[in-house]
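Enquirer: In order, the protein sequence lines correspond to chains A and B. Every letter in the first sequence is one number past the one before it in my numbering, and letter 18, counting from 1, is 18. Every letter in the second sequence is one number past the one before it in my numbering, and letter 204, counting from 1, is 204.
Be careful, since some hints might not be right.
[Claimed, not checked] In the DSS-like style, the derived pairs of lysine-lysine whose C-alpha atoms are separated by at most 30 Å in a straight line are: (1) A/K32 - B/K247; (2) B/K151 - B/K59; (3) A/K66 - B/K247; (4) A/K58 - A/K85; (5) B/K87 - B/K247; (6) A/K58 - A/K32; (7) A/K56 - B/K247; (8) A/K66 - B/K123; (9) A/K9 - B/K151; (10) B/K123 - A/K56; (11) B/K151 - A/K85; (12) B/K87 - A/K85; (13) A/K32 - B/K123; (14) B/K151 - A/K56; (15) A/K78 - A/K58.
Simulated from the structure, these hints should not be mistaken for laboratory data.
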Amino acid sequence: MTREEVIEKINQFLIEEFEVEEDQLVPEGNLKETVGLDSLDYVDLVVVIESNFGFKVKGEDFVTIKTLQDFYDYIVAKVAEKEAK
Amino acid sequence: MMNRVVITGLGIYSCLGDNLDQVRDSLFQGKSGIVLEQVRKEMGFRSGLTGRVNKPVLKGMLDRRMRVGLAEQGEYAYLSTREALAKARIDEDYLENHEVGVLFGNDSSSQAVVHAADTIREKKDTTLIGSGSVFQSMNSTVTMNLATIFKLKGVNFTISGACASGSHSIGMAYFLIKHGYQNAVVCGGAQEINPFSMGSFDALGTFSILEDQPHKASRPFDKNRDGLIPSGGAATVILESYENAVKRGAPILAEVIGYGFSSNGGHISQPNVDGPVRSIQMSIKDAGIPVSDIDYVNAHATSTPVGDMYEARALYQVFGGSRPLITSTKGMTGHECWMAGASEVVYSMLMMQNDFVAPNINFETPDEDSAKLNITSKTVEKNIDAFLSNSFGFGGTNSSLIIKKFK
């Protein structure tokens, strides 16, 4: 899966499942303030990531993720890690 | 100084309609909301009969965070409460600046519990259950969600009193307002209807198996009744002190004048005569009116052979002399369980506001006990000044409410 494909998939579930407006999807935007996700949404992100990418992430991992760009990078790396196995 | 307690808003979402107007028409026409659901037979139900409620579409009405915590019955309760608040002319601004409470009857929330258990068994990882499940699973799911959605600031808890839950919630709100602890309370009852919530009830063999004619299956007080039919939805009643209602310029629809309750002190599922009689008498004493002032009784009667028999005897003991019109609307709705005590107040209010008594459909052949009562199987156009609504439940819990036209 290419980086662009991963990002497209993420944007798609943020819009469809989390009802984030397209103009809120700014890579440098903060996940909480700009994208508008709260602590409970992070719980649901774990579920959505599992169903979309087939791997489990830990809630603790989100501590270092501040921006949407951080989130894209984190998932892209995890997808690459999974594909390398 | 005791406060007078008035009703200023009503809302309903049931198998008889999605709002007050639809439900009023169904009641007048004696329409049944019962269907046969094939999926229940595939799941091994003894009876596939159920009330049928439209699936709400809340996307666009509520944002995602508000929706994910709502269980099925919470969705119904959101819609009935929205309607009731609008009728009572209570808006966001009023709720923001006043202490309005919420007390709802609810006694289960099965589907979310089952789904969470399925995820744990299959995935062996609780993080995959998601964030909404816990708020959907708890018994207080309805009140916790309504309080959050409508930003309520007064009393906030759920009343679980089996099939009298909805009635007790109105009774408790009435007490709180009467004694000055609250000025306004959103109360009511909500009932899930999914098969997971009804399997264990079906296991008791108490549901009707007259599956060939779903509309004829619920037959309260009829000699040939063979069991109840599960149903659900939600009903909301806005109670306020008279003073508060006048201050707001709110529409005053009626006055709650009596609440009675009792426990049978007997079997877990078999009722008796004494418990209901004491509950009814307590409500009449509280109301301070003669028995003969009650024009209409909305009976609990669920269409079970034993339950209806005991209620008929209790009603005869109290009302044998005055013979008010009696019907059980469960002939049309089936048994709306936790919601029934509240929905039947809404149904009776619609009758009182529109001068008719809705029929006890399928009451064709009286039995020895029901023959002594003034039960009508046809719609009767009639002025109602005061009605009594009965609700009884497992464990022998009983609740009776008396509501009167406001004068």
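Enquirer: Work down the list of hints and note, for each, if the structure agrees.
Expert: Here is how each hint holds up against the structure:
Using a Cα cut-off of 30 Å, the hinted pair A/K32 and B/K247 is violated, with the two alpha carbons roughly 42 Å apart. Note on B/K151 and B/K59: the hinted pairing holds, with a Cα-Cα distance of about 19 Å set against a maximum of 30 Å. Restraint check: the Cα-Cα separation between A/K66 and B/K247 comes to about 50 Å, which exceeds 30 Å; the hinted pair is violated. For the given pair, A/K58 sits about 19 Å from A/K85 by alpha-carbon distance, which is consistent with the 30 Å threshold.
This hinted pair checks out: B/K87 and B/K247 have alpha carbons roughly 16 Å apart, not beyond 30 Å. Only pairs whose Cα atoms come within 30 Å are accepted, and A/K58 paired with A/K32 is accepted, the gap being roughly 18 Å. Between the alpha carbons of A/K56 and B/K247 the distance comes to roughly 57 Å, so the proposed pair goes past 30 Å and is violated. At most 30 Å may separate the alpha-carbon atoms for a hinted pair to count; A/K66 and B/K123 meet this at roughly 28 Å.
Restraint check: the Cα-Cα separation between A/K9 and B/K151 comes to about 35 Å, which exceeds 30 Å; the hinted pair is violated. Taken as a hint, the B/K123 and A/K56 pair is honoured in the structure, with Cα atoms around 11 Å apart against an allowance of 30 Å. Taken as a hint, the B/K151 and A/K85 pair is broken in the structure, with Cα atoms around 50 Å apart against an allowance of 30 Å. The hinted pair formed by B/K87 and A/K85 fails the criterion: a straight-line CA distance of about 62 Å is larger than 30 Å.
Under the criterion of a C-alpha separation no larger than 30 Å, the hint pairing A/K32 with B/K123 is consistent with the structure, at around 28 Å. Distance restraint check for B/K151 and A/K56: the Cα-Cα separation of roughly 35 Å exceeds the 30 Å cut-off, and the hinted pair is therefore not satisfied. The hinted pair formed by A/K78 and A/K58 meets the criterion: a straight-line CA distance of about 12 Å does not exceed 30 Å.
Checked against the numbered hints given earlier, this structure breaks hints 1, 3, 7, 9, 11, 12 and 14; the rest are met.
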